[in-house]
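Trainee: Okay, here's what each chain looks like letter by letter:
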Amino acid sequence: MVGVDVGSTTVKAAVVEEDGKVSWQDYQRHNTRQAEKVAEFLERMETEAGLTPGQDRIFFTGSGAGFLAPLVGAKLIQEVVAVAACVEKQHPNVRFVSEIGGEDMKTIFFTETGTGKSKQVYMQSACSGGTGTFIEKTARKLQVASERLAEMPYEGMSLHKVSSKCGIFAETDANTLVKTGVPVEEIIASLFEAVVYQNLATLTKGNTPMPEVLLLGGPNLFFKGLQEAWRHHLAKLWTQRKIELPAGQTAADLILVPTEALYYACFGCVEIGRGEKPEVGVYQGRDKILWWVKEGQHEQKAKDGARGLITGQDDLATFVSEYVRPASACAAQREPYADPVLIGCDFGSTTAKAVVMSEERELLFSCYALSKGNPIEDAQSLFRQVGEAGFTNMAGLALTGYGKDLLVDVLGADVGVVETVAHATAALHYYSDADVICDVGGTDVKIMILRQGTVADFRLNSQCSSGNGSFLQGVAERYNIPLEQYADRAFEAKAMPSLTMGCGVFLQSDIVNQQRKGWSAEEIMAALAAVLPVNVWIYAGQLQNLRAVGRKFVLQGGTHRNMAVVKAQVDFIRSKVPDAEVVLHPYSGEAGAIGAALCAADWKKNGGATRFRGFETIAALTYQSTTAAETVCKWCPINCTRTFIDVHLPGAKGRPWSKVPLAEGWERVISGNSCPKGLVEDVNEMRVVKAKLEEVKRDYPNVAEMVRKDAFRRVSAAAVAQ
Amino acid sequence: MGLLGALGFDPRNIVFSSDTSEEQGRQFGKGRGTVDCCYPVKCMSGHYGELVFGQKQKLDILLSPMIYTLPSFLSGHVAKTLTCPRVMAAPENIKAGFLKEGDAFAENGIRYCSPFVSLDEPLIVPKQLFEGMKDALPDLTREEMARAVDAGYKALHAFNDKLRKKSREVLEWCAREDKPCLMVVARPYHMDPGIGHEIEVDLQAYGYPILWMQYFPIDADLMDWAFGDDVRAGHVKSAFDIHDVWQSSYSSNTNEILWGAKVAARIPWIACVLRMSSYECGMDQPTYSPVQQIVERSGTLFFSFQDLDSTKPAGSVKIRVETITHYLEKYAADIINRKKAAMPPGCPLLPAA
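Here the protein sequences come in this chain order: A and B.
Residue numbers for the first sequence follow my numbering, so the first one is 1 and each next one is one higher.
Residue numbers for the second sequence follow my numbering, so the first one is 1001 and each next one is one higher.
Honestly, the hints are just simulated from the structure, not real lab data.
Mixed in with the good hints, there may be bad ones.
[As the list claims (entries may be wrong)] With a straight-line Cα cutoff of 25 Å, these simulated DMTMM-like cross-link-like pairs (lysine to aspartate or glutamate) come out: (1) B:K1339 with B:E1280; (2) A:K117 with A:E260; (3) A:K604 with A:E362; (4) B:K1166 with A:E695; (5) B:K1166 with B:E1144; (6) A:K677 with B:E1280; (7) B:K1056 with A:E244; (8) A:K494 with A:D409; (9) B:K1100 with A:E212; (10) B:K1179 with A:D488; (11) A:K653 with A:E705; (12) A:K709 with B:E1329; (13) B:K1162 with A:E705; (14) B:K1100 with A:D409; (15) B:K1318 with A:E705.
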């Protein structure tokens, strides 16, 4: 009997004799060549273990087994069923199994019932968070060899904040940590932490993993640190939930990592195969699988391929006549400009942008600065460029983006505008009847649904990288194609592979897979553009029914400067909403800053005098940064290392109550926090904020608060009657 | 408190489980969860657990009624005032999680008591409660229970009246000052900080009074001003008739939500309606569009927070709140003026000329 497990990164196989002895077993990475590796394994089993066609029986399992199994006569067994069968046989006392694979993760809960055991299975395979790839991808980037990675510890390491939800963001987090001098060991330990956290957070669904626990799958077996992280968390959980352990056994004794763990799915296949009728799963030899490797998969390529991004020259001509690649809003040097102007700045996570607008709301100038992590320096760079372009007469300043709250006072801005409003204002200025705005930036996706001239609903995705534009850029770079030529090259493709919607990390391996099947750079770039709308609207935006949100769509954000993406978006939206009108914002990359400038214009119309501090003051801002034990954020266990940037500003109130006291005439800007909570310094500031809030609440009552206060008050019967 | 106090319980011996919170669920509810798609029902495991395991002084009785109908100000004007079947059956469902590995109630010396009550039919409630509680309270008589139920309703009405009066004061202040307020249209449990996440409090902090539809003032003068024309024109039978917008008026909270949308559309100073609903609530889903359309038809701003569960989407709520306050600041005055123009003169919320 043979069990073969075709996983997302490796192939495993085991030959089990009639007496239950294992006579042959091996596992190897397939590097996306699943069929080739399986054929190679079969050949070796034939010669080394006597596997005989027409006589021996074979069972397949795993995510890649589906179309391979029939080629060799194997019966397909669902992977969780296979693993569970093996676990039940070999470990009757196990109540919880975690199996982490390369691109998926599963948990199985076994519960004792009167008549036997009930199984509850949870799994996910759409996102890289919590899987082996999550660790390996970042480790590769940090140039940690796999042997070293396997030995790296978790116990005793200080942990750092790493996005547990997305492998691509985790890599970015790791890069930032490296730059700030965090040792690689600590980053890897933080990755182990993130994986265990993600498994417990998403795959326990309210159940308590009870002892005994079995850890299966490659990552659980090979990474010593990951095992330590599981032991740490499970032991903590059991103490917290007062779960009694069997006498004389410690938590560590009850968490098993069998050395044969890799083969459990194979053994499970054999176990289930024994119960099947003798004619099921009889091995048919390698002929068909070899045909598949040589010819079949290439024929499949032709069949599977979707048409290209464009269907013929007419389609391209129509598209080109309808849509023009957005210009970058005039960055040229200008003559001195003495009339009053309005400035809008968008401080994003990767870049800061500014636009200058006349009082007649005409766009005059734009510039940007790559964010260096210090919002003051970013602002100085923007205003230096604005000043050099010849603008002197400032009538109003509005800020938007992540940095807006920090900088409003420092720069003397008149308005702080929330991102959603800024983007909607920019779109409505050009298209007053817009229903939906889709803003795709480098690292985030925003979908805004408009009603009554307001943003009635929106979807923001900055937790997961799926659908954002940086991925396209990365692939273009890998092919050595400048981003400006992306669209022209992608339009050359007459056909393209269909890529799977979902996690960007898996998209990468999908690309490798398609390249191997012979798809060219152009074809793959076209396919990437084609899958982007699906990721944006359905995977990230969770909008299944586009028709319900409207019919006039505005595309903006830097990624829509890529016309291949625009073509894909237009086709996608029209396929869902046939009468849709899809327009491309003329300044798609600067929409946020333009919206802010328009809000400044609104504010100006109501007759305000600007608080702008002036170009010289901003250029001469002096500040000191403090990064110390006192600046570490204590609001949650992540403990972000924040930096306090104290700016010298006449008239500022200072912070006498702070642990890092600030004298009058200084203003504090907090950076380095990973969530908005960290913008509040500590309990002392919370008290100041709370006291102010209580005052407001007294003046503006909330009926629910009265209900919360009075409904459950334990008063005497007499008081109730009153 | 009205009912139990009249039965002779010392208030100090009555314990309410605390507000829903993640800690409560984690500490007391984990491992006892039962399958239920309703997030608020799921949270009840934590509440039960807190009462069973989390008390310094052990409890004798855990009282968790199965409520079949609710007393509603719409009673008599709608088909029925039923609770959601999931809510009604929740005690049975949650109880199961405390019995599966041994009787957790008995092990802690607690008698589990879950009377079935039709709170919108006061005449049969004494019988239902007597039958449901007599085992837990051996000396109880039918007469005692009848008196206690009477005291309970009195307390409930006094409580409702007090909050309606408070809401009216808020509205009168808004009318006098011509200032906007917000109204929340949601189910009662969204007032629980662990279920509604106090989203409305973030808006209150920007200086907007917050009303809840459940405690809207239903005084005759105000109702006549808001709905009188519709009644006289024969569109509806009374101010509390909702058949013009909702035909199958069986669910008490759903009825009130639809009525809340109608009244919010008519009151000029309610410049914005906040809708909250919990994760995949099957009762709420059919109401999304009608409620939104009723509110928006009047030019009132409408924002909805759907699929709320244990996670408070911190960043996203902040952005939503800032988005809402931006538009309120920009449009509230216009909205109030437009809505005033659409309504008859002589609003009783304004001081008599």
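Trainee: Which hints, by number, does the structure contradict?
Mentor: Hints 1, 5, 6, 8, 10, 11, 12, 14 contradicted; others consistent.
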